[in-house]
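Keeping the supplied structure of chain A fixed, place chain B upon it in accordance with the hints.
Residue-level listing of the chains:
Protein chains: 2
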Amino acid sequence: MTDKRNVKADRLRAFIASAFRACGMPEHHAARMGELMAEADIGGQDGHGVFRLPMYIRRIQAGGMSVDPKIKVISERTATALLDGGNGPGHLVMSRAAELAGEKARTTGVAWVGARHSNHAGPAFLYARMPLAENMIGLYVAVGSANHMPPWGGTDLLLSTNPISVAIPSNSQPDIVLDMATTVAAYGKVKTAADRGETMPEGWMIDKQGQSLTDPSRSGEGLLLPIGGPKGYGLSLIFGLLAGTLNGAAFGKDVVDFNADPKAITNTGHFVIALDIAAFADVDEFKRQIDGIWDQMKSSVLLPGFEDIRLPGERLAATSAEHLANGIPIPSALRDRLDALAENLGIERL
Amino acid sequence: MTDKRNVKADRLRAFIASAFRACGMPEHHAARMGELMAEADIGGQDGHGVFRLPMYIRRIQAGGMSVDPKIKVISERTATALLDGGNGPGHLVMSRAAELAGEKARTTGVAWVGARHSNHAGPAFLYARMPLAENMIGLYVAVGSANHMPPWGGTDLLLSTNPISVAIPSNSQPDIVLDMATTVAAYGKVKTAADRGETMPEGWMIDKQGQSLTDPSRSGEGLLLPIGGPKGYGLSLIFGLLAGTLNGAAFGKDVVDFNADPKAITNTGHFVIALDIAAFADVDEFKRQIDGIWDQMKSSVLLPGFEDIRLPGERLAATSAEHLANGIPIPSALRDRLDALAENLGIERL
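The listed protein sequences correspond, in order, to chains A and B. Position one of the first sequence corresponds to residue 1 (the working numbering), numbered consecutively onward. Position one of the second sequence corresponds to residue 351 (the working numbering), numbered consecutively onward.
Next up, chain A with everything else stripped away, as it sits in the complex (with noise of 0.2 Å):
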């Protein structure tokens, strides 16, 4: 159903470009912001899309992020590049690094690309899936931009969500995409459970006592529990080392929260990995096997309870198809935020 409230996704496009644009961002570059940054909010990662638009400009007005970034290649192998971003947004770090990505791999098989001073770069999905458009398998990894967790058994916040995304094409089914937080909840769930007065479930957070903390206005207190325990504990360090130390970029204490100091250097760290299909498999087959793979998983037995199988990606596609059709929701809070930033900075109002 469409909502008069909803706003079409060229006009949410448009609507970033301008914003960026109006801060002095080159026009190519403010395009692309555009179309990534309204890639996550069609794809119903709302907490990734234009909700961070007013951050993002407060942080390049604060002279926190730069606008024209000179994202220069800082060392080079024929399978692997290391990126500097140049303090750029991570969007347009974390393109150029697919895109480098995606070329090596044509001829090598596979290339592993990193970056150093980058930044928020939005949902992961967006990174990994960029490889599909040439038959291949992506995969991305980032040191996440605050730090909510601390070490198996501690409570120093010394590592942060670190999300991996790997993203594989089928032939008539919806990719396979999966995007994942190394902790149960990413923490942009528990403020949207404070903006809504709800409590969280039980296994999200606990205190420095190690008590289950479920009031998410005492989240500043609260630690987010790793999935698995100290499984998701090590998967998260080691996304931490591969996507920020091995890079030059920041990690544990050396974290800055990004939300709390718009001037701070975050110093974000990212890898993207880019797989050629066409290396190991004929490329019409594998897609048919994942097809065939996609059946097997719904056809399943159901526990009860239960109402169907989801396949990692197919929420992803059913939300991008609904809201490419009827527009996108904005939540009138937003709204409100997003008009008082077109006044600030002399731009069209969404």
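Derived from the structure by calculation, the hints contain no laboratory data. Some hints could be false.
Here are the simulated EDC-like cross-link-like pairs (lysine to aspartate or glutamate), alpha carbons at most 20 Å apart as the crow flies [what the hints assert, rightly or not]:
(1) 558(B) to 307(A)
(2) 191(A) to 257(A)
(3) 208(A) to 632(B)
(4) 422(B) to 282(A)
(5) 358(B) to 385(B)
(6) 72(A) to 632(B)
(7) 648(B) to 307(A)
Since the structure is predicted, the reported quantities are computational estimates derived from the model, not experimental observations.
Frame of chain A, contents of chain B only:
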């Protein structure tokens, strides 16, 4: 403390090698099997070491696994390869894969080598750790050798524990080595609980009605639970597609329970990635940074009830040192099985 029932590492290696030699395995392969299987026991992964020897031998004697596999590269790019393991033991196949990945990554920066027509390879850490000797980071993923997990919301056993291991070298601290299943508990832990007559903790398994299952003697009707619910399911699925389907190896309903039928060809799939640290960073400086991250985690204030913070790989290093010094404990039930095996093969007892 040295227990007179403990076995020295050298003796364990020799015993394992002699068992394979007695089955007609060429000397260099048999010696390699002895090294790698003993390495599992040395590291404390006793469910994946000599414990598996009777089953491997049974498989060889039944004609289900080759003692002299022709391990062939069947497709190759500069940074990738796909191996056909010739239905040999996974240890031989994935050693070759890790070696090839290291050779390639020395030039290209990263290499991804997959394998099909392989078999169970023991603990994942063995192969993730191989690139460390060349100052590389290693990653290893396998399709587990029996399905004990359904897709999230279902009851059909279509997925396995599909483990991942990642190894990152440090300077003066133990190397970081994560080795984890995508399920809350590996199936071996269920079998160990059954052997000991113990009750399992809630959260390891449920039955097909979705009720908690804590009696390990009922594990045949149970479903292993993934870490983080749908997240662990997603990881298991993705790892299976990458290690299995992409390599032309078994995944989903095609996975053969390697314990159930020693004649059935398992067509096990795995992959290993070698990532050359020098393509991104100064190797010595990077290793010192890993030490620094180690210290950060260790220095965290503790939660009530915890005595220390562990890093992935810490227990592996401590157990390895202890077992190398004092020998490896062999439970009497296992010793009886190994004695029977020795008699069967006409080799000297352990």
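Results for each hint:
no.	hint	result
1	558(B) to 307(A)	holds (15 Å)
2	191(A) to 257(A)	holds (15 Å)
3	208(A) to 632(B)	violated (37 Å)
4	422(B) to 282(A)	holds (19 Å)
5	358(B) to 385(B)	holds (13 Å)
6	72(A) to 632(B)	holds (19 Å)
7	648(B) to 307(A)	violated (44 Å)
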